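J.: Sequence:
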Amino acid sequence: MTDRKIAIIGGGAAGYFAAARLRKSAPGWTVVIFEAGPRPLAKVAITGGGRCNLTNSFEGVRSVAQAYPRGARLLERSFRTFGPADTLKWFEKAGVRCVTQPDHCVFPASQDAMQVVRTLLRAADGVQLRCNTKIEEITPSVTGWEIAGERFDAVLITTGGMQREGGFIRKLGLSVETPVPSLFTFRIDDPITHMAGSVVDASASLSGTKFRAEGPLLITDWGMSGPAILKLSSYAARYLAENGYRANLSVRWLPGTEDEVRSRLKALSESSPRRFVSSAHPEEIPSRLWAHLCGKWGIPATARWSEVGQAGFNRIASGIMSDPYLIAGKSRFKEEFVTCGGVALSEIDPATMQAKRLPGLFFAGEVLDIDAITGGFNLQAAWTTGFLAAEGMLKTLEHE
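Note that the numbering used here has the sequence shown beginning at 807, numbered continuously upward.
If you're looking for bench data, these hints aren't it; they were derived computationally from the structure. Remember, predicted model here, so these are calculated numbers, not experimental data. Every residue gets a Cβ at the ideal spot worked out from N, C-alpha and C, and that includes glycine. Do not rely on the hints blindly, as some may be mistaken.
Cut-off 25 Å, straight-line C-alpha distance, at most; resulting in silico cross-link-like pairs (DMTMM-like, lysine to aspartate or glutamate) [unchecked claim]: (1) Lys811 / Glu942; (2) Lys830 / Asp959; (3) Lys830 / Glu1197.
Each pair of labels, with its calculated beta carbon distance range [unchecked claim]: (4) Pro1130 / Pro908: 27 to 35 Å; (5) Glu1020 / Asn938: 39 to 47 Å; (6) Trp1028 / Lys1072: 32 to 40 Å; (7) Thr949 / Tyr1045: 44 to 52 Å; (8) Gly1003 / Gly843: 28 to 36 Å; (9) Ala915 / Thr1015: 34 to 42 Å.
Produce the entire structure from the sequences given, and follow the hints as far as they go.
T.: Laid out in structure tokens, this is it:
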């Protein structure tokens, strides 16, 4: 295979996975990774709380769109070429034994993200790495692309979540979906924050919209977090940004229809008529939180189930089904910051990850308008698009 020179801008998950594929399939090619930070794969080293949530088994995921609010269509096709099962096979072949948790998240058995980092570095051995090198501009030339006076046959951009201005990518004339944050927690100025630490499997939605998510909901000292809130923030990322991170949140504390919830409450009241409402509660809701909610719904702490009356019973049932809160802002989800937006997928050939209007320019990872809910889905998108970009370069350049 003719020697080629490839530039990869961004030393993260997608960039290194692409580099590893190129080293395996075209060992004679020169591959240079430009990384703006002091070391590569820094985000991989901290993802999953330092354990690295590699991917997800996708068990229970009804559709790709359920996990990927943006980019589902492209990924549904791409997973046929390189999907979650391929990711598992690749890492296990490279020496990383993986385990799948009950929540379907996949981690290295070592529970050590640095094992993943070392594996990727080994797989890309021979690649030239240039850290602390921020690329401000790339220029197309007759024979390829030029970066800081150096010529390359092809360029792969894997710079991660884009800044609002889009940097040099907009200068290339590519359409960019305005980047906004995704995967964040909600700041709620409400006494419920006194219940910090309480966790409930709940459903959360934004009033007046179709945005809804289910899962564990965590009360924090600043508001609400947990998978239910993080998923909701992902689904509604652009809506919330457009509304200045102010919105009406509705929490449903118990599963089931309203009739089912009412039947449960009726059975509870009939089996415990002399018990205080604040202490006789559905088992899914922690006692401290239940007592707080009863107070919010106007049920005195000394009221017994036999004393609440129909009006009190209705307030409890309504509160369980739709408990309102005002979102007053957002907080980042630890260090795992994800961006909604990026290079518009209409600009990209989904089979090769190459820009349709700019031959020799490829994209992979979060720089694209692809992002997911928490649970290993974002890294899976990085592995898949990185693999496809490398394959795209191999197919395109070997025929030139």
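J.: Decide, hint by hint, whether the structure agrees.
T.: Hints versus structure:
no. : hint                          : verdict
1   : Lys811 / Glu942               : holds, 20 Å
2   : Lys830 / Asp959               : holds, 18 Å
3   : Lys830 / Glu1197              : holds, 11 Å
4   : Pro1130 / Pro908: 27 to 35 Å  : holds, 32 Å
5   : Glu1020 / Asn938: 39 to 47 Å  : holds, 43 Å
6   : Trp1028 / Lys1072: 32 to 40 Å : holds, 36 Å
7   : Thr949 / Tyr1045: 44 to 52 Å  : holds, 45 Å
8   : Gly1003 / Gly843: 28 to 36 Å  : holds, 35 Å
9   : Ala915 / Thr1015: 34 to 42 Å  : holds, 41 Å
Consistency with the previously given hints is maintained throughout, with no hint failing.
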